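Novice: Since the structure of chain R is already known, use the hints to place chain G on it.
Here the protein sequences come in this chain order: R and G.
Numbering of the first sequence is given in the numbering used here, commencing with residue 1 and proceeding in unit increments.
Numbering of the second sequence is given in the numbering used here, commencing with residue 1 and proceeding in unit increments.
These are computed hints drawn from the structure, not numbers from a lab.
None of these values were measured; they are calculated from a predicted model.
One should not assume that every hint holds.
In silico lysine to any residue, SDA-like type, Cα no more than 25 Å apart, as pairs [to be verified]: (1) G:K68 / R:E141; (2) R:K157 / R:S126; (3) R:K68 / G:I29; (4) R:K306 / R:G74; (5) R:K306 / R:R131; (6) G:K157 / R:L271; (7) G:K157 / G:K68; (8) R:K306 / R:V258; (9) G:K157 / R:D52; (10) G:K68 / R:D146; (11) G:K68 / G:G222; (12) G:K68 / G:D32; (13) G:K157 / R:A159; (14) R:K157 / G:R57; (15) R:K157 / G:E95; (16) G:K68 / R:G74; (17) G:K68 / G:D119; (18) G:K157 / R:E95; (19) G:K306 / G:D210; (20) R:K306 / R:P289; (21) G:K157 / R:V158; (22) G:K68 / G:P260; (23) R:K68 / R:G161; (24) R:K68 / R:P110; (25) R:K68 / R:R192; (26) R:K157 / G:G108; (27) R:K306 / R:L271; (28) G:K157 / R:E160; (29) R:K68 / G:P260; (30) G:K157 / G:G220; (31) G:K157 / G:G222; (32) R:K157 / G:E160; (33) R:K68 / G:A218; (34) G:K157 / R:G56; (35) G:K157 / R:L53; (36) G:K157 / R:A98; (37) G:K157 / G:E107; (38) R:K68 / G:G222; (39) R:K68 / R:L269; (40) R:K306 / R:G328.
Protein chains: 2
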Amino acid sequence: MGEARPGTERDDRILLAHGGGGELMRELIRADILPRLGCDAGAVLSDSALLDLGSGRTAFTTDSYVVKPLFFPGGDIGTLAVCGTVNDLAVVGAEAAALSLAFIVEEGFPLDDFRRVVDSVGRTASQAGVRVVTGDVKVVERGGADGLFVNTAGVGKVAEGVPLGAEHVLPGDRILLSGPIGNHGIAVLSAREGIAFETTVRSDVACLGDLAHAALTAGGEGVHWMRDPTRGGLAAALGELAEDTQVEVTVDETAVSVDPDVRAACELLGLDPLVVANEGKLVAVVAEPAAENVLTALQDHPLGVKAAPVGFVGESGPGRVVLETRTGGRRLVELPYGEELPRIC
Amino acid sequence: MGEARPGTERDDRILLAHGGGGELMRELIRADILPRLGCDAGAVLSDSALLDLGSGRTAFTTDSYVVKPLFFPGGDIGTLAVCGTVNDLAVVGAEAAALSLAFIVEEGFPLDDFRRVVDSVGRTASQAGVRVVTGDVKVVERGGADGLFVNTAGVGKVAEGVPLGAEHVLPGDRILLSGPIGNHGIAVLSAREGIAFETTVRSDVACLGDLAHAALTAGGEGVHWMRDPTRGGLAAALGELAEDTQVEVTVDETAVSVDPDVRAACELLGLDPLVVANEGKLVAVVAEPAAENVLTALQDHPLGVKAAPVGFVGESGPGRVVLETRTGGRRLVELPYGEELPRIC
Numbered sequence: 001m002g003e004a005r006p007g008t009e010r011d012d013r014i015l016l017a018h019g020g021g022g023e024l025m026r027e028l029i030r031a032d033i034l035p036r037l038g039c040d041a042g043a044v045l046s047d048s049a050l051l052d053l054g055s056g057r058t059a060f061t062t063d064s065y066v067v068k069p070l071f072f073p074g075g076d077i078g079t080l081a082v083c084g085t086v087n088d089l090a091v092v093g094a095e096a097a098a099l100s101l102a103f104i105v106e107e108g109f110p111l112d113d114f115r116r117v118v119d120s121v122g123r124t125a126s127q128a129g130v131r132v133v134t135g136d137v138k139v140v141e142r143g144g145a146d147g148l149f150v151n152t153a154g155v156g157k158v159a160e161g162v163p164l165g166a167e168h169v170l171p172g173d174r175i176l177l178s179g180p181i182g183n184h185g186i187a188v189l190s191a192r193e194g195i196a197f198e199t200t201v202r203s204d205v206a207c208l209g210d211l212a213h214a215a216l217t218a219g220g221e222g223v224h225w226m227r228d229p230t231r232g233g234l235a236a237a238l239g240e241l242a243e244d245t246q247v248e249v250t251v252d253e254t255a256v257s258v259d260p261d262v263r264a265a266c267e268l269l270g271l272d273p274l275v276v277a278n279e280g281k282l283v284a285v286v287a288e289p290a291a292e293n294v295l296t297a298l299q300d301h302p303l304g305v306k307a308a309p310v311g312f313v314g315e316s317g318p319g320r321v322v323l324e325t326r327t328g329g330r331r332l333v334e335l336p337y338g339e340e341l342p343r344i345c
Numbered sequence: 001m002g003e004a005r006p007g008t009e010r011d012d013r014i015l016l017a018h019g020g021g022g023e024l025m026r027e028l029i030r031a032d033i034l035p036r037l038g039c040d041a042g043a044v045l046s047d048s049a050l051l052d053l054g055s056g057r058t059a060f061t062t063d064s065y066v067v068k069p070l071f072f073p074g075g076d077i078g079t080l081a082v083c084g085t086v087n088d089l090a091v092v093g094a095e096a097a098a099l100s101l102a103f104i105v106e107e108g109f110p111l112d113d114f115r116r117v118v119d120s121v122g123r124t125a126s127q128a129g130v131r132v133v134t135g136d137v138k139v140v141e142r143g144g145a146d147g148l149f150v151n152t153a154g155v156g157k158v159a160e161g162v163p164l165g166a167e168h169v170l171p172g173d174r175i176l177l178s179g180p181i182g183n184h185g186i187a188v189l190s191a192r193e194g195i196a197f198e199t200t201v202r203s204d205v206a207c208l209g210d211l212a213h214a215a216l217t218a219g220g221e222g223v224h225w226m227r228d229p230t231r232g233g234l235a236a237a238l239g240e241l242a243e244d245t246q247v248e249v250t251v252d253e254t255a256v257s258v259d260p261d262v263r264a265a266c267e268l269l270g271l272d273p274l275v276v277a278n279e280g281k282l283v284a285v286v287a288e289p290a291a292e293n294v295l296t297a298l299q300d301h302p303l304g305v306k307a308a309p310v311g312f313v314g315e316s317g318p319g320r321v322v323l324e325t326r327t328g329g330r331r332l333v334e335l336p337y338g339e340e341l342p343r344i345c
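So here's chain R without its partners, still in its complex pose:
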């Protein structure tokens, strides 16, 4: 409090004062955040944004991001924060309309890295057609946080007449998966542990709004449930479906695509690709008559070229996921316990 203020030259690191609610915070927001988000730098910094969402149901979601390292092949914490929230909206049939963006930054964090993350947020949001409308910056002292954490929340309008949800899932429904699994988790883990594979595995991080919309357009009410299988991977997504609906879900192991490099990395690390996180994949449970249409729609989209049917919903019974293995056996897929891959998103 008694210290001299830094000179007029801009420091190259985040200071505690950047989060103090005063002049320096306003300068950071005006100079380093708003222009990167495509906002007018002279815009009034209001605590709340006002939106006109129209009538109908609104979807609302949030996620915090603690991924380590912050930058990894294929993306960074900024792309992740936008895509993760856009995708949570997409899988309930909502088009993202507006995002909030909140940073918790450790004192001393390089300002250039901060700008790089905000750039990623801006670029990814623009590509996904969503605006960042409100935000927050908090700074904690050295050792108080590991670099940078990001939280995004999102709101979006739900298309009318889309009865999506576990309660709509029926025996005989097909399970479609939009592409190969495990890339995000392996990309982050490789970057974190400094493990080099023959080629660099890149995260699949992508915003799925368009892809989900294509699936819904093609399948209409035949699309019963969607999910982006992130933490806990495909196993957690389908495990939750089975548990919530008390049905047996069967997955054909040979139909689940895994890139060779990802498979090799999983074998090396003793990981089942089914539990490894994805950030740009869509799972859709679709009524059998609509499945072919939805599959074609997914395959026609750049993010779903390798989409495939990977299983089906069985009769009511114990809520569980059964894997038909490539050797012709059957094994139970357990909902992962949780310790597999910390700080993956």
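Specialist: Here is chain G on its own, set in the frame of chain R:
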């Protein structure tokens, strides 16, 4: 990953696996979070909540909370997280309809403290008449975060015909303040630094939805601008108003109420009460003809008993805040730089 799982007995600390997206996370959410938020523990855990907000404008806001210590006289990080977001909505004339709730927890954090925070969130939300509808839990390893950080985002409907905003502020408008300032900042600082004063200063943390509504009902279109002066205190709130509108704001120091213990603490710590954070105060800029009505409405509310007119808006000119001091002088109140009080909210 090769470690044995903990036994069936529940551990008393947060584990990395609580944030892994698997079975243990679902159990934490079902057993320790949802019941405390008044949600059905059997409710399906969806990634996005679906809301029917009706038509009209929606306000959307977010804040992260990094207060240290987590528990302080008068409140904790949970009460703060709910009130902060409810208040950001209230000052734009919106009634909070739904909150998101995201935790970043350090591995090893005591589960009892976690439950205590979630209890506070549930109780405070219930008192404020707002529901927590979606959330997230991330766990980082020991040393990765300082205990617990919370993010809340909120959505609410804006009452029609309420033209609130800096652009509506006019020369001659009165500035009303709902009560004494500085209590929150001093309460947190005392708890953090272990400073004991004669009596314990308690945080003023409170949800201002009702109070703001009372002001708007009494003043109608005469209420031009509202703000809850948090980080940076009253000085930052009025400094931003002056800067955004390019008007001179005059504040009468003798009219700004400061509790004796808070004043004593500020003197001891070398702090100006004007820059100390509040979490349950409302500043309203009101057209002169409506000022008396609004003042009475504030005073009639339990959170505004000590409400008073504390200044006025002058003519256009340099955007600045001038304090008429108790000794009869005039001094410029600078927008605080930011380093005054880290981790106060």
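Novice: Look at each hint and say if it fits the structure.
Specialist: Okay, the hints, checked on the actual structure:
1. Of the supplied pair hints, the one linking K68 (chain G) and E141 (chain R) holds, its CA atoms being roughly 11 Å apart against a limit of 25 Å.
2. Restraint check for K157 (chain R) and S126 (chain R): the C-alpha separation of about 18 Å stays at or below 25 Å, so the hint holds.
3. A C-alpha spacing of about 24 Å is found between K68 (chain R) and I29 (chain G), which places the hinted pair at or below 25 Å, so the restraint holds.
4. Among the hinted pairs, K306 (chain R) with G74 (chain R) is consistent with the structure: their alpha-carbon atoms are about 18 Å apart, no more than 25 Å.
5. For the hint linking K306 (chain R) to R131 (chain R), the alpha-carbon distance of about 30 Å lies beyond 25 Å, and the restraint is violated.
6. With a C-alpha separation of about 47 Å, the suggested pair K157 (chain G) and L271 (chain R) falls outside the 25 Å cut-off, and the hint is violated.
7. For the hint linking K157 (chain G) to K68 (chain G), the alpha-carbon distance of about 32 Å lies beyond 25 Å, and the restraint is violated.
8. For the hint linking K306 (chain R) to V258 (chain R), the alpha-carbon distance of about 10 Å falls within 25 Å, and the restraint holds.
9. With a C-alpha separation of about 10 Å, the suggested pairing of K157 (chain G) with D52 (chain R) holds against the 25 Å cut-off.
10. At roughly 16 Å between alpha-carbon atoms, K68 (chain G) and D146 (chain R) fall within 25 Å of each other, so this suggested pair holds.
11. For the proposed pair K68 (chain G) and G222 (chain G), the alpha carbon gap of about 39 Å is over 25 Å, so the pair is violated.
12. Simply put, K68 (chain G) and D32 (chain G) have alpha-carbon atoms about 23 Å apart, close enough for the 25 Å limit, and the pair holds.
13. Annotation: proposed proximity of K157 (chain G) to A159 (chain R) holds, straight-line Cα distance about 20 Å (limit 25 Å).
14. Proximity of K157 (chain R) to R57 (chain G) is assessed by CA-CA distance (about 13 Å); at most 25 Å being required, the pair is judged to hold.
15. The straight-line distance between the Cα atoms of K157 (chain R) and E95 (chain G) is roughly 20 Å, inside the 25 Å bound, and the hint therefore holds.
16. Distance hint between K68 (chain G) and G74 (chain R) is unfulfilled; the C-alpha atoms sit about 36 Å from each other, more than 25 Å.
17. Distance restraint check for K68 (chain G) and D119 (chain G): the Cα-Cα separation of roughly 18 Å lies within the 25 Å cut-off, and the hinted pair is therefore satisfied.
18. The hinted pair formed by K157 (chain G) and E95 (chain R) meets the criterion: a straight-line CA distance of about 20 Å does not exceed 25 Å.
19. At roughly 16 Å between alpha-carbon atoms, K306 (chain G) and D210 (chain G) fall within 25 Å of each other, so this suggested pair holds.
20. For the suggested pair K306 (chain R) and P289 (chain R), the alpha carbons sit about 21 Å apart, so the restraint of at most 25 Å is met.
21. Restraint check for K157 (chain G) and V158 (chain R): satisfied, since their Cα atoms lie roughly 17 Å apart, inside the 25 Å limit.
22. Proposed proximity of K68 (chain G) and P260 (chain G) is supported: the alpha carbons are some 24 Å apart, at most 25 Å.
23. Restraint check: the Cα-Cα separation between K68 (chain R) and G161 (chain R) comes to about 40 Å, which exceeds 25 Å; the hinted pair is violated.
24. At roughly 16 Å between alpha-carbon atoms, K68 (chain R) and P110 (chain R) fall within 25 Å of each other, so this suggested pair holds.
25. With a C-alpha separation of about 7 Å, the suggested pair K68 (chain R) and R192 (chain R) falls inside the 25 Å cut-off, and the hint holds.
26. For the proposed pair K157 (chain R) and G108 (chain G), the alpha carbon gap of about 39 Å is over 25 Å, so the pair is violated.
27. Restraint check for K306 (chain R) and L271 (chain R): satisfied, since their Cα atoms lie roughly 22 Å apart, inside the 25 Å limit.
28. Among the hinted pairs, K157 (chain G) with E160 (chain R) is consistent with the structure: their alpha-carbon atoms are about 21 Å apart, no more than 25 Å.
29. Taken as a hint, the K68 (chain R) and P260 (chain G) pair is broken in the structure, with Cα atoms around 47 Å apart against an allowance of 25 Å.
30. Under the criterion of a C-alpha separation no larger than 25 Å, the hint pairing K157 (chain G) with G220 (chain G) is consistent with the structure, at around 17 Å.
31. For the hint linking K157 (chain G) to G222 (chain G), the alpha-carbon distance of about 20 Å falls within 25 Å, and the restraint holds.
32. Of the pairs offered as hints, the one joining K157 (chain R) and E160 (chain G) holds, with about 21 Å between alpha carbons and a cut-off of 25 Å not exceeded.
33. Taking the CA atoms of K68 (chain R) and A218 (chain G), the gap is about 51 Å. The hint is violated against a cut of 25 Å.
34. Note on K157 (chain G) and G56 (chain R): the hinted pairing holds, with a Cα-Cα distance of about 13 Å set against a maximum of 25 Å.
35. A C-alpha spacing of about 11 Å is found between K157 (chain G) and L53 (chain R), which places the hinted pair at or below 25 Å, so the restraint holds.
36. Pair hint K157 (chain G) plus A98 (chain R) holds up; C-alpha atoms about 15 Å apart against a cutoff of 25 Å.
37. Under the criterion of a C-alpha separation no larger than 25 Å, the hint pairing K157 (chain G) with E107 (chain G) is inconsistent with the structure, at around 37 Å.
38. Between K68 (chain R) and G222 (chain G) the alpha-carbon distance is near 50 Å, which puts this suggested pair outside the 25 Å criterion.
39. A distance of roughly 18 Å separates the Cα atoms of K68 (chain R) and L269 (chain R); the hinted pair therefore holds under the 25 Å criterion.
40. Simply put, K306 (chain R) and G328 (chain R) have alpha-carbon atoms about 23 Å apart, close enough for the 25 Å limit, and the pair holds.
The structure fails to meet hints 5, 6, 7, 11, 16, 23, 26, 29, 33, 37 and 38 from the earlier list, while all remaining hints are met.
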